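Enquirer: What follows is each chain in one-letter form.
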Amino acid sequence: MQKIIIEIAEDASVSVEGHGFKGPECKQLTAAIEEAIGTVEKVTFKPEYRQAAPAKRVRA
Amino acid sequence: MSHISRVTLKVRDLDALAEAAEHCDMTLVRGAQTHKWFGRFMGDTAVPMGMDPEDYGKCEHKLALKHPQHGDYEIGLVPAYDGDGYDLAIDTWNQTRLLDAVGGASMPKLKREYAAAVAVANAKKKLGHKGFTVTRTNIGNRIQIALVRR
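Chains A and B, in that order, are what the protein sequence lines are. Residue 16 in this note's numbering sits at position 16 of the first sequence, and the numbers go up by one each step. Just add 1000 to wherever you are in the second sequence, counting from 1, and you've got this note's numbering.
Hints may be right or wrong, so weigh each one.
Facing chain A, according to a computed beta carbon distance under 8 Å, are these residues of chain B, among others [as the list claims (entries may be wrong)]:
1) His1003
2) Gln1095
3) Pro1108
4) Ala1116
5) Asn1122
6) Ala1123
Rather than coming from a laboratory, the hints here were simulated on the basis of the structure. All values derive from a computational prediction rather than experimental measurement. C-beta: ideal position from N, C-alpha, C; glycine also.
The following block holds chain A by itself, in its conformation from the complex:
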């Protein structure tokens, strides 16, 4: 399961966090939402970001 959590704190500060992704897909998926909400001030990449996404198998 892949999950993106957008947390809006009491003071209206916003954080966006991805779970269950490998590689840069999560950042690619959330970029448009983050930019619509406002200005991205800080991004912290987790170890999973550096891991390759699983290769897609194609049946021939």
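The hints should help you fit chain B onto chain A, whose structure is shown.
Expert: Only chain B this time, still in chain A's reference frame:
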């Protein structure tokens, strides 16, 4: 998880702001050129960056209480100092009803609802077709938007 982003809110989406206003028992009045405030700058507060007290009360749109009483002010939307969207101009002096509606002088309730409206609309529009479901949950004074793909 792969990343965490911290995002500073910018008010750019009037449809989302109108939705947020409903949660605060307020209405967005598009195209309003003035908003109610004390009416005279007393010099007792700092002037926001890029604003001239001569222009206080001028706006491009405004937020008004749905059931205003005599003496209630309104929130003006003025072009942001950095040119990106709008700043919210509010005169907080003696404004119990207005401040209750938006959650206080820094308007956290209004801003939370705006952020939620933008997040939900954009999540559905941009990720709905990629198999994500979008769920909003209120947790006290916080809001959580969950986008899940199984």
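Enquirer: All hints, please: hold or fail.
Expert: Verification of the supplied hints:
| no. | hint | in the structure |
| --- | --- | --- |
| 1 | His1003 | 5 Å, holds |
| 2 | Gln1095 | 19 Å, violated |
| 3 | Pro1108 | 5 Å, holds |
| 4 | Ala1116 | 6 Å, holds |
| 5 | Asn1122 | 4 Å, holds |
| 6 | Ala1123 | 6 Å, holds |
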